[in-house]
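Undergrad: Chains as they are written, first to last, in the working numbering: chain A, 188 to 462; chain B, 8 to 344.
Accuracy of the hints is not assured; some may be wrong.
Not everything, but these chain A residues come out facing chain B in the computed CB check (under 10 Å) [stated by the list, open to error]:
1) Lys203
2) Thr213
3) Ala295
4) Pro297
5) Pro301
6) Leu302
7) Ile445
8) Ile448
9) Arg451
10) Lys452
Hints listed in this document are in silico derivations from the structure and should not be mistaken for laboratory results. C-beta: ideal position from N, C-alpha, C; glycine also.
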Amino acid sequence: MPKRGVKNSFFSHFGKYLASMKIGFTSETIYPANYLSESILVVVRVAIMAALYRISLGYLDASEVGNLNVAEIVWILMITESVRYSVFSVARPIQDAIQNGDFAYQIARPYFYPLFLLTQSFGQSIPFLAVNLSVGIAACFFFVGPFHFSLLGLGLGLISLFFGYLLDSVIYLIIGLSAFWFENNWPLWWIYGRAKFILGGAMIPLAVFPPLLKKVAELLPFSQTYYSAALLIVKYDQASFGRFFLIQLFWISTFGLIATIMFRKGLKHVAANGG
Amino acid sequence: MNQIEVENLNKVFKVKEKPAGFWPGFKNVFKPNFKNVEAVKDISFGVKKGEIIAFIGPNGAGKSTTIKMMTGILHPTSGKIRILGLDPDKDREKLAFQVGAVFGQKSQLWFHLPAIDSFDLLARIYELDKAAYQKRRDYLVNIFEIEKYLKTPVRKLSLGERMRCEIVASLLHQPKILFLDEPTIGLDIIAKQKIREVITKMNKEDEVTIFLTSHDAGDVESLAERTIVINFGKIVYDNQTDLFKKEYIKTKTIEIVFDKPTPGFHTSQGRILEKDKYNAKIELDQSKDDLNQFLKETVEHYNIKDINIFDPSMEDIIGLIYQEKQQKDVPDAKEGR
Numbered sequence: 188m189p190k191r192g193v194k195n196s197f198f199s200h201f202g203k204y205l206a207s208m209k210i211g212f213t214s215e216t217i218y219p220a221n222y223l224s225e226s227i228l229v230v231v232r233v234a235i236m237a238a239l240y241r242i243s244l245g246y247l248d249a250s251e252v253g254n255l256n257v258a259e260i261v262w263i264l265m266i267t268e269s270v271r272y273s274v275f276s277v278a279r280p281i282q283d284a285i286q287n288g289d290f291a292y293q294i295a296r297p298y299f300y301p302l303f304l305l306t307q308s309f310g311q312s313i314p315f316l317a318v319n320l321s322v323g324i325a326a327c328f329f330f331v332g333p334f335h336f337s338l339l340g341l342g343l344g345l346i347s348l349f350f351g352y353l354l355d356s357v358i359y360l361i362i363g364l365s366a367f368w369f370e371n372n373w374p375l376w377w378i379y380g381r382a383k384f385i386l387g388g389a390m391i392p393l394a395v396f397p398p399l400l401k402k403v404a405e406l407l408p409f410s411q412t413y414y415s416a417a418l419l420i421v422k423y424d425q426a427s428f429g430r431f432f433l434i435q436l437f438w439i440s441t442f443g444l445i446a447t448i449m450f451r452k453g454l455k456h457v458a459a460n461g462g
Numbered sequence: 008m009n010q011i012e013v014e015n016l017n018k019v020f021k022v023k024e025k026p027a028g029f030w031p032g033f034k035n036v037f038k039p040n041f042k043n044v045e046a047v048k049d050i051s052f053g054v055k056k057g058e059i060i061a062f063i064g065p066n067g068a069g070k071s072t073t074i075k076m077m078t079g080i081l082h083p084t085s086g087k088i089r090i091l092g093l094d095p096d097k098d099r100e101k102l103a104f105q106v107g108a109v110f111g112q113k114s115q116l117w118f119h120l121p122a123i124d125s126f127d128l129l130a131r132i133y134e135l136d137k138a139a140y141q142k143r144r145d146y147l148v149n150i151f152e153i154e155k156y157l158k159t160p161v162r163k164l165s166l167g168e169r170m171r172c173e174i175v176a177s178l179l180h181q182p183k184i185l186f187l188d189e190p191t192i193g194l195d196i197i198a199k200q201k202i203r204e205v206i207t208k209m210n211k212e213d214e215v216t217i218f219l220t221s222h223d224a225g226d227v228e229s230l231a232e233r234t235i236v237i238n239f240g241k242i243v244y245d246n247q248t249d250l251f252k253k254e255y256i257k258t259k260t261i262e263i264v265f266d267k268p269t270p271g272f273h274t275s276q277g278r279i280l281e282k283d284k285y286n287a288k289i290e291l292d293q294s295k296d297d298l299n300q301f302l303k304e305t306v307e308h309y310n311i312k313d314i315n316i317f318d319p320s321m322e323d324i325i326g327l328i329y330q331e332k333q334q335k336d337v338p339d340a341k342e343g344r
């Protein structure tokens, strides 16, 4: 057997997940037309949101709503939407693998399958994130101009974005694993997608919601995927960061536990019946 | 000592049954019916280091289920499996570092990327040292002659080229045992021959034990030293391949398409089963007819457009095995009276 790397070390174990991220990234750079064409949508979305909120605030004769001006609203929505559309969900590959029987073969390799998929989908998302965010930033500068930038807000916002990505991925993992029990799990996709769109601040910023609804929406996982991070980047305040961080940790642990139970039950199912 | 030990292995699947008709189907939603399907029934065998075993049988015989249990993908209902001293069900990850597997209809290569990218990823998955991996990869690339399409996206490779890359992928971590589940399925005769050649070469040079499932009698003839036949989950034959060939692969069927009308086709070898102006179907009995002689004669005297050679189908072979068993059982029964 060829010599194994630093045997059983953290680096040799972790190296396979970095390699999975790399191959995910490489596989998406083959078809640049895919993400370049998607970035056109980003420009259209920014243009529509800028026009919509300018007209709405003009109609109300106000320069701000929910403590946010038009530029800040558009920047928040652009970040939320660009990240949401760029992220590759782990639900699709896991669901396909369960339904076509590949799952049994894939788990037979020496790695932790969910983490392998997660890092792979992160790698796949990187080119889309880079292009969509770059085009989105340029479009925001063009249509609404800059916002008041804070380096601390950017740093903490990126941390929040990472945890938001984890939360989103764990929820998608649960949706994917549900294929063990549901032949058609499309309703779960649909519900989650719509909940993220409406209660996740992708259509209307939560800051604009009535106070009670805003509080409830903030506590739910949907807004904690990408909206909270976008808010921290555009309009940073320390108290919000702490609150968002705790809510994110709560949901990641809860859904992580559910996903682990589902994965173990799925493994038993595969071991008994081959998928 | 055996590298593979299988004792009294059983696998029962629980399969949901849906009765026909609306009302029984509706009732089944609330009170589903299950039936037990015995995929593998009390099988035992051992495999020594460096052996090439053909584990053959028709579709649904239990070949893949057995291989899945041996690689830790499936949990046996009862019985014992030891692969290199490990229990695949409990030590799946440890075992994965020591065995390789190719499932003919499942790819481990990234479809849109060149095979070399998948090889690099697998090297990381199996935690191989970089220099040792590169040396091993170059060695395998050379043996399997895949250098010229190493950088071509897998989706653009032919099935035979892809299968060679699949086998290289499964050998990168230098496994002691290689499980090949239908590696020649869907391949043309040239590609099959190439795969068989490289499998034999790897077995000789690397001393890797090969456990091969197939329902192509040609794989058995060219590769295996020993043949195990499984049917309806039970082992019905386990012996040396030479004996197996002598007993059960007795005939070859040849189909010829002529270039121009040849109504008077005849041959000194074999028996003509069917013929018309453009086609002829001949059966050769390998114990008395010579295939090379037949081909030489036919090519010399007739204009051939196409020629195909077929081994007996797995179903025919199984039929012969049962026929022989029945013939053996009848005298025994008479003696018992």
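Undergrad: Is the interface hint satisfied for A/Ile445? The criterion is a beta-carbon contact with chain B at less than 10 Å.
TA: This hint is violated: A/Ile445 lies away from chain B, its Cβ roughly 24 Å from the closest one there, beyond 10 Å.
Undergrad: Against chain B, is A/Leu302 within 10 Å by beta-carbon distance?
TA: 12 Å, violated
Undergrad: Should the hint that A/Ala295 touches chain B count as held when the rule is a Cβ pair under 10 Å?
TA: The hint holds - A/Ala295 has a Cβ within 10 Å of chain B, the shortest such distance being about 5 Å.
Undergrad: Classify the hint on A/Thr213 as holds or violated, based on whether any CB of chain B lies nearer than 10 Å to its CB.
TA: Holds. Min distance 6 Å.
Undergrad: Quick check on A/Lys203 please, does its C-beta sit within 10 Å of some C-beta on chain B?
TA: Holds. Min distance 5 Å.
Undergrad: Using 10 Å as the Cβ threshold, decide whether A/Pro297 counts as touching chain B.
TA: Nearest chain B Cβ about 4 Å off; hint holds.
Undergrad: Taking 10 Å as the limit, does the beta-carbon of A/Lys452 come near enough to a beta-carbon in chain B?
TA: Where the cut-off is 10 Å and the nearest Cβ of chain B is about 14 Å from A/Lys452, the hint is violated.
Undergrad: Per the CB criterion, is A/Ile448 less than 10 Å away from chain B?
TA: At about 19 Å, which exceeds the 10 Å cut-off, the nearest Cβ of chain B leaves the hint on A/Ile448 violated.
Undergrad: With chain B as the partner, please determine if A/Pro301 meets the hint condition of a C-beta pair closer than 10 Å.
TA: 15 Å, violated
Undergrad: Would you check whether A/Arg451 satisfies its interface hint, that is, whether its CB is within less than 10 Å of any CB in chain B?
TA: Since chain B brings no Cβ nearer than about 14 Å to A/Arg451, farther than 10 Å, the hint is violated.
The structure does not agree with the numbered hints 5, 6, 7, 8, 9 and 10 stated previously, though it agrees with the rest.
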